[in-house]
Amino acid sequence: MPRMNMIQALNSAMDVMLGRDNDVVVIGEDVGYFGGVFRCTEGLQRKYGEHRVIDAPIAEGGIIASVIGMGVHGLRPVAEIQFADYIYPGYDQIVSELARLRYRTAGDFFAPVTIRAPCGGGIRGGQTHSQSPEGIFTHVCGLKVVMPSNPYDAKGLLISAIEEDDPVVFFEPKRIYNGPFDGDPDKPATAWSAHPKGEVPDDYYTVPLGRAEVVREGEDVTIVCYGTMVHVAQATAKINAIDAEIIDVRTMVPLDVHTLKQSVEKTGRCVIIHEATRFSGFGAELAATLQEECFYHLETPIIRVCGWDTPYPHAFEWEYFPGQKRLAAALEQALSA
Amino acid sequence: MVTKSRLHIPHPSARPGDKPEFGYVEISDAGAVKRPEINSRVKDMERLAHEMVRVLDDQHAALGPWHPHLEPHDLHVPLRYLLLTRIFDEHMQRMQRQGKISFYMQSLGEEAVSVAAALALQPSDMLFPSYRNQGLQLARGRNPVDLMCQCLSNSKDMCKGRQMPIMYHWARGNIFSVSGNLATQFPQAVGWAMASAIKGEDAIAAAWLGEGSTAEADFHHALTFATVYQAPVILNVVNNQWAISTFQGFAGGERRSFAARGPGYGIASIRVDGNDYLAVFAVTRWAAERARKGHGPTLIELVTYRAGAHSTSDDPSRYRPRDEWQAWPLGDPIERLKQHLIVLGDWTEGRHDKLVAEVTRLVDDSWQEALTYGSMTEGPFLNKYELFEDVFKDIPAHLIAQREEQLGLDED
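Chains as they are written, first to last, in my numbering: chain A, 1 to 337; chain B, 1 to 412.
None of these hints come from the bench; they were simulated from the model. Computed from a predicted model, the values in this text were never measured in an experiment. Hints are not guaranteed to be accurate.
Pairs of lysine to aspartate or glutamate, DMTMM-like flavour, derived with a Cα cap of 25 Å [unchecked claim]:
no. : chain 1 : residue 1 : chain 2 : residue 2
1   : B       : LYS199    : A       : ASP165
2   : A       : LYS325    : A       : GLU219
3   : B       : LYS199    : A       : ASP23
4   : B       : LYS393    : A       : ASP165
5   : B       : LYS384    : A       : ASP108
6   : B       : LYS100    : B       : ASP315
7   : B       : LYS199    : A       : GLU164
8   : B       : LYS393    : A       : ASP23
9   : B       : LYS199    : A       : ASP30
10  : B       : LYS393    : A       : ASP92
11  : B       : LYS293    : A       : ASP55
Model the full structure from these sequences, guided by the hints.
Spelled out as structure tokens, the structure:
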């Protein structure tokens with residue numbers, strides 16, 4: 001089985017889909033000749049030509065709008081927004097147009113667009129290269145929202161997203177592009193090559209949207225997480241010898257409530273962790289849903305561990321980043337009563 | 001004297017109570033503007049962005065290099081669609097006043113903008129309308145009943161009650177959905193046109209917006225993408241002087257025509273008399289041929305006047321002279337085409353009256369038929385549980401649960 005990091009897995013997903021379906025096109029800033037600032041589209045323009053892998057002007061609003069038009073005309077575009085932090089000029093086109101086109105035309109028009117956007121911090125990116133804006137997309141009806149935590153899922157989920165007739169916003173936690181970062185910045189980086197999820201088939205396969213994955217079974221507490229936090233959770237549970245059940249949400253919309261519910265009913269305790277800010281963040285939706293579904297099984301209140309409600313500070317990113325220490329404290333609190 | 005920077009606050013040429021003043025509208029003589037070859041370089045025809053292409057002169061004769069030399073039949077058909085658009089609008093405006101529909105927007109005075117373009121383009125060309133382009137629908141042969149049913153949100157509403165009146169779409173007729181968020185359709189049309197070129201297809205795209213919304217970023221995204229990729233698209237700016245109460249100077253029209261923005265992007269740009277059916281037809285044909293033969297996009301500024309209120313929720317007498325339309329130097333597009341046909345000897349007042357009566361009957365009959373499919377107060381009604389559909393292709397679990405919740409409430 002080939003070993004890939006997340007960048008190679010995403011590249012492979014687009015390669016497979018460009019090869020399988022002539023209607024698939026890739027467009028974005030620096031994605032063509034150069035292969036993308038994170039190298040996710042490396043070699044694709046050489047292989048599929050300038051009409052299939054298209055360099056775009058620096059205008060995210062124009063990129064999103066044009067892929068809507070392409071989608072309406074039967075193409076299946078994959079737009080790269082270079083950093084999730086840059087997505088806002090395209091926000092009106094995503095929210096008012098892309099997400100609602102099927103609804104407002106009663107199904108007569110739709111645009112099967114996938115928007116890829118690297119997200120998250122821990123790379124000294126400051127407030128304009130570190131954000132996790134998934135919550136402002138999960139709030140929009142009509143969008144599917146995905147965030148993989150490893151190369152295998154990244155490829156399978158991206159292929160599913162491209163094949164979807166509904167628009168998908170696909171967030172890629174860039175801190176784990178090259179390896180499963182566990183939240184400890186002082187530890188030497190590890191590579192995906194040593195991780196079981198770094199085994200990625202070359203060929204076509206899918207990981208379905210809308211299914212969470214139990215990445216560690218446990219009895220005492222459920223940790224609900226996604227993206228980089230999956231690895232933070234695993235390390236924290238191991239180091240602190242906590243028998244936690246860890247669930248990688250993978251797809252925020254549609255949300256796999258069933259898997260979450262089953263786990264929280266079993267453990268009776270739940271900690272939600274995400275890198276995005278806390279107030280009105282996706283964790284609030286998770287907490288509210290689990291409270292509604294599992295209230296009589298809960299032994300302690302559901303706890304959220306999130307980025308502080310501040311912009312991502314350049315010099316203090318490890319104070320901002322919800323790492324092992326904060327998660328351990330929350331787990332202790334959840335297990336205390 | 002102390003000199004320092006001061007804000008310039010644009011003011012329209014006339015406010016309520018003032019004498020209308022259109023001296024700021026620069027008008028070329030009919031027939032005076034050159035018609036370049038469709039493959040001309042942008043820099044060799046920049047004058048087109050400042051002059052005004054006109055074919056019909058004040059005596060209603062057609063002249064000059066842009067004269068499309070249409071057969072009489074090809075003038076009778078548009079005259080009918082122009083009248084249909086106006087009479088349809090009058091009817092729907094009245095129905096809104098009677099409380100039969102919640103909202104309406106007329107295209108009074110600017111009907112030629114849509115009708116001429118629709119008839120100059122191929123049926124396979126994709127149109128991305130703004131909210132005042134109902135003429136595109138009607139001139140493409142859409143049954144007025146369909147449009148009325150949308151405004152009524154009745155059981156045959158193409159939008160299933162999800163959109164305000166006039167937010168039509170027509171997939172089979174290649175007309176995209178009208179958005180309430182202005183200018184969004186402009187760069188979408190460019191994307192559609194890019195896809196056409198990627199697929200090697202013949203069809204082009206055309207989009208419309210008002211001069212007011214050229215201030216939106218989407219306008220500039222559209223021009224950038226259109227020029228970068230030389231997309232086969234026609235970008236139409238309908239300069240009808242007013243964006244609700246905001247006159248065209250507030251979108252930057254005081255010092256430069258809107259068409260003049262095109263050459264800055266390297267886009268062929270033409271300013272045209274939007275109330276001259278023949279001129280709009282000829283310019284659209286030129287731009288379509290240029291796009292279809294691979295010579296790239298064209299920006300067209302259609303100079304016209306919004307004779308009616310912005311919408312049924314607007315009262316223009318609060319911000320502009322009541323009689324401004326009467327002073328509009330480019331006249332009424334329907335009257336001008338009618339007089340041209342009379343001058344040609346192909347039309348009479350009697351035939352015109354008969355046509356008006358026939359079209360009025362068609363609109364009345366259409367309304368009666370539309371009502372048989374229901375209205376907002378009388379059935380048949382839409383199935384309200386369909387409000388949970390089409391958010392996604394398949395209904396997800398959380399929406400099934402919410403539909404159940406609504407069903408439960410209704411059964412109590």
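Tested hints:
1. B:LYS199 - A:ASP165: Answer holds: B:LYS199 to A:ASP165 is near 19 Å, not above 25 Å.
2. A:LYS325 - A:GLU219: holds, 21 Å
3. B:LYS199 - A:ASP23: Given that 25 Å is the threshold and the Cα spacing comes to 9 Å, the pair holds.
4. B:LYS393 - A:ASP165: The given pair, whose Cα atoms are some 7 Å apart, holds under the 25 Å limit.
5. B:LYS384 - A:ASP108: Answer holds: B:LYS384 to A:ASP108 is near 18 Å, not above 25 Å.
6. B:LYS100 - B:ASP315: holds, 20 Å
7. B:LYS199 - A:GLU164: holds, 21 Å
8. B:LYS393 - A:ASP23: holds, 19 Å
9. B:LYS199 - A:ASP30: holds, 23 Å
10. B:LYS393 - A:ASP92: OK: B:LYS393 and A:ASP92 at ~21 Å, within 25 Å.
11. B:LYS293 - A:ASP55: holds, 24 Å
Of the numbered hints listed earlier, not one is contradicted by the structure.
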